[in-house]
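Going by this note's numbering, the sequence shown wraps up at 203, each residue one higher than the last.
No wet-lab data here; the hints were simulated from the structure. Do not rely on the hints blindly, as some may be mistaken.
[Claimed, not checked] Computed spacing ranges between beta-carbons, pair by pair:
(1) S32 - D68: 50 to 56 Å
(2) A149 - V38: 25 to 31 Å
(3) R20 - Q118: 34 to 40 Å
(4) A36 - T163: 39 to 45 Å
(5) A66 - V24: 38 to 44 Å
(6) N160 - R27: 34 to 40 Å
(7) R27 - A66: 35 to 41 Å
(8) D68 - A149: 32 to 38 Å
(9) Q123 - L28: 35 to 41 Å
(10) P71 - V38: 35 to 41 Å
All residues carry an ideal CB built from backbone N, CA and C; glycine is no exception.
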Amino acid sequence: MFEFDPLIGEMTRRIKAADRKPLVALRLQLQSALPAPVLTQSIEALTYYIDSCPQTLRDFASAAGASDSSPLVQVAAGLYQYLLEPHDLLPDASNGVLGFLDDAWLIHNVAYRCVESQLLGLQQFSVDWNRIAMADQFALHLFPPQVKAVLDGIVAQYSNLVTHQMRPFEPADTEDYSTHGKTIDDYYYTIGGTSYLSTRPIT
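Make the full structure from the sequences, and use the hints.
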């Protein structure tokens, strides 16, 4: 089993220290679209969703090692590499804490699919899956189709690696994670089918 726990700890510190202003801006963008209690609950869940992704990865890696499953260990390593990469779909440095939203979505969704497929046990994870599920739906509305397609493609690759029991995805056509200098403003998409945020396509 590979050992990267200290580096996950470092990523946890980086996420905690990331600029939170984009979350404030997101709240302001949506305050006329969502009731105040719903908006507050959604933003709080989204914050937890991002902050907890290193812990989910740590739990996943520990469970994968205990399972003696080489494919699960490979998936854990792949998720770690994605979290470590600063220039992924949403560059970390230029997008504040929302730069880790794609990392969080990928880590939580791969982990939960392994739980759903009974490859790993729910008790092996310390996160609050109810809060994760709430934030997951919110996060989906912040991803434009192009970003979501790439993330689905990555999940599909991992699903094919570890089991045939997972619900299949349609793989993405490309593995190019570069965003060519775009910021989170280029990725805000829609909430509830109405365009409240930027819908500029990724080119």
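Here's how the hints hold up against the structure:
Taking 50 to 56 Å as the suggested C-beta distance range, the pair S32 and D68 conforms, at roughly 53 Å. Remark: the range hint 25 to 31 Å for A149 to V38 is upheld by a beta-carbon distance near 28 Å. One distance hint, 34 to 40 Å for the beta-carbon pair R20 and Q118, holds here, with the actual separation near 37 Å. Between A36 and T163 the CB atoms are about 42 Å apart, so this pair conforms to the stated range of 39 to 45 Å.
At roughly 40 Å, the beta carbons of A66 and V24 sit within the given window of 38 to 44 Å. With their beta carbons about 38 Å apart, N160 and R27 fall inside the hinted range of 34 to 40 Å. The supplied range of 35 to 41 Å is met by R27 and A66, whose beta-carbon atoms lie about 40 Å from each other. Roughly 33 Å separates the CB atoms of D68 and A149, a value that falls within the hinted 32 to 38 Å.
The beta-carbon spacing between Q123 and L28, approximately 39 Å, falls within the hinted interval of 35 to 41 Å. Between P71 and V38 the Cβ separation comes to about 39 Å, which falls inside the hinted range of 35 to 41 Å.
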